[in-house]
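2 protein chains.
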Amino acid sequence: MHPVSPEREAREVPLFLQIREILAQRIGSGTIGIGGRLPSERELAAELGTARMTVREALRMLEGEGLIYRAERRGYFVSPARLRYDPTRHVNVMRLIPSQGHVAEGIYLGRQLTRATGSLALMFGCQEGAPLILERSVAVMNGRRIEYGEHFLLEEAIPGYLDFPYESPLTQTLERRHGIRTKMIGFRTRPTNLFGIPTEALEVRAGSPGLYITRIKQHGGRVIEVDREYWLSDALEIVVGQFPNPHEA
Amino acid sequence: MHPVSPEREAREVPLFLQIREILAQRIGSGTIGIGGRLPSERELAAELGTARMTVREALRMLEGEGLIYRAERRGYFVSPARLRYDPTRHVNVMRLIPSQGHVAEGIYLGRQLTRATGSLALMFGCQEGAPLILERSVAVMNGRRIEYGEHFLLEEAIPGYLDFPYESPLTQTLERRHGIRTKMIGFRTRPTNLFGIPTEALEVRAGSPGLYITRIKQHGGRVIEVDREYWLSDALEIVVGQFPNPHEA
DNA sequence: GAGTGGTCTAGACCACCAA
DNA sequence: TGGTGGTCTAGACCACTCC
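Those protein sequence lines, which keep their order, are chains F and D.
Quick note on this note's numbering: the first sequence kicks off at 1 and runs consecutively.
Quick note on this note's numbering: the second sequence kicks off at 1 and runs consecutively.
FYI, nobody ran anything at the bench for these hints, they're computed from the structure.
These figures come from a predicted structure and were not determined experimentally.
Quick reminder that beta carbons are idealized off the backbone N, C-alpha and C, glycines included.
Partial list, derived from the structure: chain D residues whose beta carbon lies under 7 Å from chain F:
| no. | residue |
| --- | --- |
| 1 | L17 |
| 2 | M123 |
| 3 | F187 |
| 4 | R188 |
| 5 | T189 |
| 6 | R190 |
| 7 | P191 |
| 8 | N193 |
| 9 | G207 |
| 10 | L211 |
| 11 | S233 |
| 12 | I238 |
| 13 | V239 |
| 14 | Q242 |
| 15 | F243 |
| 16 | P244 |
Covered, in the sense of this in silico footprint (three residues per stretch, anywhere, with C-beta under 8 Å from a C-beta of chain D), are these stretches of chain F:
| no. | segment |
| --- | --- |
| 17 | 82-93 |
| 18 | 183-192 |
| 19 | 224-238 |
Go ahead and model the full structure; you've got the sequences and the hints to work with.
Structure, rendered in structure tokens:
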């Protein structure tokens, strides 16, 4: 190990960070409450005597921190407390949201037939090209779309699945209808910027900060379901194991 | 559940996304290899016949996806494969890096005495104001600073700790020197934009995308260590449980 | 139709890095 | 010392939302 590294010179704080600070304080102090709308970019620029792009940089900062979110072309709003989400547990998103005091709504985007390729085949541990069923959906919390999900099912492992329409939640449906009780065996997650299909489904700007989660579910010794979830970054935090909840204390 | 939502109109793809695509292809095809440097913002702008800010937007996109990273005022570089990190296991970062074929280096930033307040007191389950020891460090992978860590220790639970200098790795030191074998009981993580102390320690621009991780460690039925880690977003992915490794397949 | 964010331009000056 | 990214300005036009 090295000894202490040299301290950096103190520099003047950039303007956009000063603006970030001003806005963060207005939010923290409750001047703008949860769900409240911030002034428009142009209003803030005029008020603070700066250019619009500088204000945007500050807003982008707060968005990346999860303090605020954008509603496309409608404005910036203060984010509610993050959903606490444990991907190792088998809780359905549509049940998680109301369990933490929010209003949940689901949007079903339809079913597709596809085939296992690349990393999907690897995760299923099946042949390349094996038939898969894909169910797509969006989770809505308090009227805001926060998660786009793709659920891949190994067709040959769930005979008769295609004879029925989609029913939420998927896990319960598999158990009740097909006698299959899946078990979560692992997940993987990384931050990313969203674009393409997820941003279209979530109705947000391409480039919005997000969290990508992959989950693997097993039954009878083999993988029968792989989920890919794209969350808006400010909407959740991942909590695994024993962790005190600051909102209960 | 709602029926299928109406498809959005196809829109013209914004210029910065087209540029993102061009650069992503150059990276994916190996035209610019791992660790390779991208042309400068001005060069790209000239080559593509656009303004510098538009190029920056594309580069910011790729940075948020983790495909590239910035070295402050030195340029943009192609990111290596993400470190696979399981926070539920008790692997020290300085051992994790070499175990995945990279060169690790540690920078020790020193020790401070502090007190448990707010969420720290909550996580320790101790009185507000209880004395804590704070050890600060930075992890370097292949010459790049990728993680800034704060390790809080409950002073009264580790008698004599202050009589010795810091020794890495902390977990092994606690066991060998004090007979304390800690146990990871939970972690929490969320994406965020870094600024302040973490960005200074990591020598990156304020606003760089990052991942914040808190870990709690127990011994003898009580929490004795809380870690706060700030990772550069592109440097890792979190993998918990059984998950096939695409690099081994 | 007024207002919003989304995109884009064409500059500027600065601090910092490498040579 | 020349080139880099970091910051900032002052506009522009557009698609879209809400009224």
